[in-house]
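Chemist: One letter stands for each residue in the lines below.
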Amino acid sequence: MDLLSSFLIMAALVAVPLLAGVAGGGQGVLLVGIPYAAFAIFIVGLCWRVVGWARSPVPFRIPTTCGQQKSLPWIKSATLDNPSTGTGAVGRMALEVLLFRSLFRNNRAEMYGQRYVFGDSKWLWLGALAFHWSLLVIVLRHLRLFVQPVPACVLALGKVDSFFQIGAPALYLSNVIVLCALMYLMLRRLWDLRLRYICQFSDYFALFLLLGIALSGVLMRYGTRVDVVAVKQLAIGLATFQPVIPAGLGLVFPVHVLLVSTLAAYFPFSKLMHMGGVFLSPTRNLANNSRMKRHVNPWNYPVKTHTYAEWEEEFRDKLTMAGIPLDEAKND
Amino acid sequence: MTDDRHQIEQKPPRSDWRDPAVEFRKGTYCHSAGAKYVEALGLPNPRDWNPADADWKLPPDWKQIILDGMAERLEKYRSFKLFMDVCVRCGACADKCHYYLGSSDPKNMPMVRAELIRSVYRRYFTPAGRVFGSLAGGRELTEEVIKEWFYYFYQCSECRRCSVFCPFGIDTAEITMIGRELLNLIGCNINWVTKPAADCFRVGNHLGIQPHAFKDSLEFAADELEEVTGIKVDIPINRKGAEVLFVMPSADYFATPHYYTLLGYMSLFHEIGLDFTYSAYASEGGNFGLFSSHEMMKRLNAKIYDEARRLGVKWILGGECGHMWRVLHQYMETMNGPADFLEAPVSPVTGTRFDHARSTSMVHICEFTADLLYHDKLKLDPKRNDKWVVTYHDSCNPARGMGLLEEPRYVLKRACNQFHEMPENTIREQTFCCGSGSGLGTDENLEMRLRGGFPRANAVRHVREKQGVNLLACICAIDKATMPTLMDYWVPGVEVAGVHELLGNALVMTGEKERTTNLRGEPLQPAVPETPPEEVPHG
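Residue numbers (our numbering), protein chains in the order written: chain A, 3 to 334; chain B, 9 to 547.
Treat the hints as calculated values from the structure; they're not laboratory data. Worth double-checking, as some hints may not be accurate.
Stated by the list, open to error - List time: in silico DSSO-like cross-link candidates among lysine-lysine, alpha-carbon distance up to 30 Å:
{"no.": "1", "chain 1": "A", "residue 1": "K273", "chain 2": "B", "residue 2": "K71"}
{"no.": "2", "chain 1": "B", "residue 1": "K248", "chain 2": "A", "residue 2": "K306"}
{"no.": "3", "chain 1": "B", "residue 1": "K248", "chain 2": "A", "residue 2": "K295"}
From a predicted model like this one, the values you see are computed outputs, not experimental measurements.
Bound conformation, chain A alone (with noise of 0.2 Å):
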């Protein structure tokens, strides 16, 4: 049911503009009006859960700490998985958001006979950083088209990137993994029971939206051969507040610029926003120092509580018959 909606709403995403550029008709809405609503509301979308999520105080100092902690000078602490300063968690959060540290760690459980054997799993973490990377690369080499002059690095970025020369034009190595990494997060989520049981429309959508961005991209740049003079035209137009719309675009680029679009507006409404909050989660920022340095909770009230007093008054025959002392200040 989910995987079909999103599937549909995908299907839509793409007949829109394919079926506006037939007609010949809405490039001013497609082109430029919706994504810079997009845009907008990424923004702010994005600035408004981030502010939501810190406003909302950390009261405990809560890390999950993944290794020994720092006590005895003799034992060797473990300084990133469980840091106790400031830097360390510093560090935590380095691997993590890098490198998926805790991705990483994964095994599987997996049943012989009567006892469960924990192997090792690499693969998720492999397809996650795999797709992460890759698309982070791959916006940084669309910088290219916004900006003119075109930054060293950003064109440095590219011929690293198109290294092995294959084709022409040649082939982004960045745009081969990203499209193999979807394609497995994709089939896992079908093929793993376990985890098609939770699979919701968002899980499914998010895909569908990248799987259509990323193979929009790649049948510009190697089937239809999108005029890139044009595109930049009409990115550096965008880019300065000054739209023009160009000729020569094709069908295909509309649909590309509807879908990144769409995920865009559909980023801070959903769970895509794991980028900016894995930055918060306080069981992973924090330094795991609680008995060095006291943690101040901001909203800290006072509780009833049983005290000494009242409880020695209850209890003041039973202490006196087995001799248990009671407070002086009392007996005086």
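Given chain A's structure and the hints, the job is docking chain B onto it.
Modeler: Just chain B now, kept in the frame of chain A:
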């Protein structure tokens, strides 16, 4: 007991997770809290009810209470708010939960357990969910959902294993804690948590042992220790001016095999001449508030600092207990501090300043003992533990809420000659829960406990078969209470002991008589000679 538990269903589910229907089958859920305990703690909606009944006698405005409670907690806890939003359902956590591994119930996969509350969050608190409902992963909050929450949030032991593997650090323990808080708001509590909390609040400990009985208990232990060692140790209680306040889980002085650990502490304190006191008021280190609400945790925990202040001690030493140490390490000083009336702990024997505990002023006994051993301040005869082939079970909370991994191992390796680790994916930060943590260790829940404990037992069986392990050492009172049953069921022949029981066995005390038994009163097995005796030629 039938053996169908051995057949853990591996077939993936066909049902729809959105369907909240739950069958309360005997053996898989805990009894509801008795009205008098709910009342004693001043908690809402005390009444007699039964989870298996159709009518849970919820307050008329229960739905509003839950939604208001969620709104309040979303504002108070970034963890809760963030964890409601960022899960991508990647599935890394799915087979990390011992309850899922043991039951194959898909709603025990951590991402689904969280989704039970997340779906309600989406429906009522996010724009997408309000508009698109089910398509955006939202679910209506109904009485059925409350029952489902009750079933599954009391089928999570807050062990945090899933959190180790989550790429965003989503901690199901955090979600379960909030889920239970919400349930408590409408009076859906379990007895095994609420009764101990009520007893702890009024009397001072989970078992409701009154001060005179507390003293009897400790004196009885001292007598037993004298029988084994020939040495009579002191039992200082509520003694003002002692240097150290010692706090342990109440099971240590009331249950076996915890009891032998207490004998271990007693012999250690006597041998080093520690200037310390027990407290009959703060006679509980454990804290079942952790299993019901943050507020209850604070209410129960307050006694420790209050008592330390009243007695005028310099610092606090804590016994072997799992969740107790999560509270002491991650919550205590935030909730009931600052502990500015205490000093940075210094070992009176070695002079080591426990700098890592300088603010809280509370030291774990394994840290304390490891330091003594490192400085060769204790004389040990590990041969006295030779009847044991030992493995070590990292208790969830000291492992994943603290990082106390090496200290207990150091003590064990010094106190025992035969020590073997379980497979690496089942120890340290990846340790498996006993299946009975977070207040679920009650007998009516036995089937679920045995299922949840299966992955742990499975790893013990591995070392039992490979290395002949016959003793599972641990530093958690709940482990000690529930793992003997778990072992009997899955790995017969393996016993359970505290680290300080083994230390106590090995500790050579000044002036002791020749020991013929261990602290359990069992004969010491003659040590295996290190070199085979030379063959005497015939004739």
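Chemist: Each hint should be assessed against the structure and marked as holding or not.
Modeler: Hint check:
no.	hint	result
1	A:K273 x B:K71	holds, 26 Å
2	B:K248 x A:K306	holds, 25 Å
3	B:K248 x A:K295	holds, 27 Å
Checked against the numbered hints given earlier, the structure satisfies every one of them.
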